[in-house]
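*Asks:* Sequence:
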Amino acid sequence: MSGPHCALTTNLMAPSSNSVYDEQEDLRVNNILSAFDEWESINSIQNAWKLVKQLSGKRPNTVFIQGDDRLASWKSHFEKLLSSDNASNDPVSIDPVFDPNPNIPAGKFSQAEVNIAIKQMKLGKAPGLDNIPIEVWRLPKLKKYLTRFCNATLEGNRPPEWGFSGIVPVPKKGDLTIPDNYRGISLSQTAAKVYNRLLLNRIRPEVEKILRPNQSGFRPLRSTSSQILALRRLIEEIRNHQKEAAIIFIDFCKAFDSVDRPTMFKILHAYGIPEETTNAIKKCCCSHSRRSSRHPAQYLSDLDYADDISLLADTLLDAESLLHKVGACCKSVGLSLNAKKTKDMYMVINPSSSDDVTALDGSKLDKVDDFKYLGSYTNTAHDIECV
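Residues 948 to 1334 in the working numbering are what the sequence shown spells out, letter by letter.
Keep in mind the hints are simulated off the structure, nothing from the lab. Glycine included, C-beta positions come from ideal geometry on N, C-alpha and C. Keep in mind that the hints are not guaranteed to be accurate.
Claimed, not checked - Result set (EDC-like, lysine to aspartate or glutamate): computed pairs, CA atoms no more than 20 Å apart in a straight line:
| id | residue 1 | residue 2 |
| --- | --- | --- |
| 1 | K1230 | E1082 |
| 2 | K1213 | D1046 |
| 3 | K997 | E972 |
| 4 | K1230 | D1255 |
| 5 | K997 | D984 |
Unchecked claim - Per label pair, the in silico range of CB-to-CB distance:
| id | residue 1 | residue 2 | range |
| --- | --- | --- | --- |
| 6 | A1073 | R1017 | 15 to 25 Å |
| 7 | I1079 | N1128 | 23 to 33 Å |
| 8 | I1079 | G1121 | 31 to 41 Å |
Take these sequences, add in the hints, and give me the full structure.
*Replies:* Right, dumping it as structure tokens:
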């Protein structure tokens, strides 16, 4: 035998082999504990934690020291994230909600449109890979050239350089050796951003008239505080009228990175966006009111701020049914619910239900009495306190 880990050849050898293994294992553990005491005595927390992980059997996270290795790791992470195929295999059929809107401008951009778009761009922001800041395009002599670029792009001659962006990983929270705990910020060329703004300025005034009032994300004269206030009023009325209600706070997995683009274009068409404008947007993407307060939850089913959604229902059963409908609909456009971060809150005066709420995949949601929604804590027993 060459050591305690050799294969046992006979049953007679088993007791002695096990005894040798146990002795060696005890010696290993004692050595680690002695080293732990030494590191702790000199307040070396980092080395002490390494020993704890060694004892627990946890594998250390892979940290790439060399620059090339780090770049390869980030490249692999963002390629997987930005090219993920989360959409349902079944083709999505979306019936038109509105006829093509004749009030949305078409044709070449005017110099006035370009001037407005440039003025809307914030100064002092990081430029794209060409290192041209927006301040350059504010020069009067260059504005007319930018107008020519944008009109050429609208006609199908998009500069290939506009299809490349620099991605800067910005840490969020958690273990910063894990790429998933970073948010990728894309630095596009400022000329391309002006072109995108031109398209947005053309469609926004008309689309604003038909968007659901429940959605406040990235809309003018709306903010998170309006949604927080609405949720606060709902909770107050539920308490005042001794009613019950269930609230589900939805979390999506990488919402803005995983939307299925072909389905998104179908939605644009359904909202009456002209074909010419939809095609222009494709080229950008494909290179790379108060109701009765007698029972508020009966009339308002959701409060949305972009992908931060809270579902409201009278009972947990109704809330679960609503969650399943949202989950199925979102899956068809490439979004997937993050069941680990999706929570349910039951506002109740006289408890009558302790059932679990399950997501579409069968996973149970955590029940909470306190949840941070849009930067404000919502509590089943107290008012919302902004932080």
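*Asks:* Confirm or reject each hint.
*Replies:* Structure-based check of all given hints:
1. Between K1230 and E1082 the alpha-carbon distance is near 25 Å, which puts this suggested pair outside the 20 Å criterion.
2. A threshold of 20 Å between alpha carbons decides the hint, and for K1213 with D1046 the separation of about 13 Å falls inside it, so the pair holds.
3. With a C-alpha separation of about 18 Å, the suggested pairing of K997 with E972 holds against the 20 Å cut-off.
4. A distance of roughly 28 Å separates the Cα atoms of K1230 and D1255; the hinted pair therefore is violated under the 20 Å criterion.
5. This hinted pair checks out: K997 and D984 have alpha carbons roughly 13 Å apart, not beyond 20 Å.
6. Roughly 20 Å separates the CB atoms of A1073 and R1017, a value that falls within the hinted 15 to 25 Å.
7. For the pair I1079 and N1128, the supplied restraint of 23 to 33 Å holds, since their beta-carbon distance comes to about 32 Å.
8. I1079 and G1121 have their C-beta atoms about 35 Å apart, which keeps the hinted 31 to 41 Å range intact.
The structure is inconsistent with the numbered hints 1 and 4, although it conforms to all the rest.
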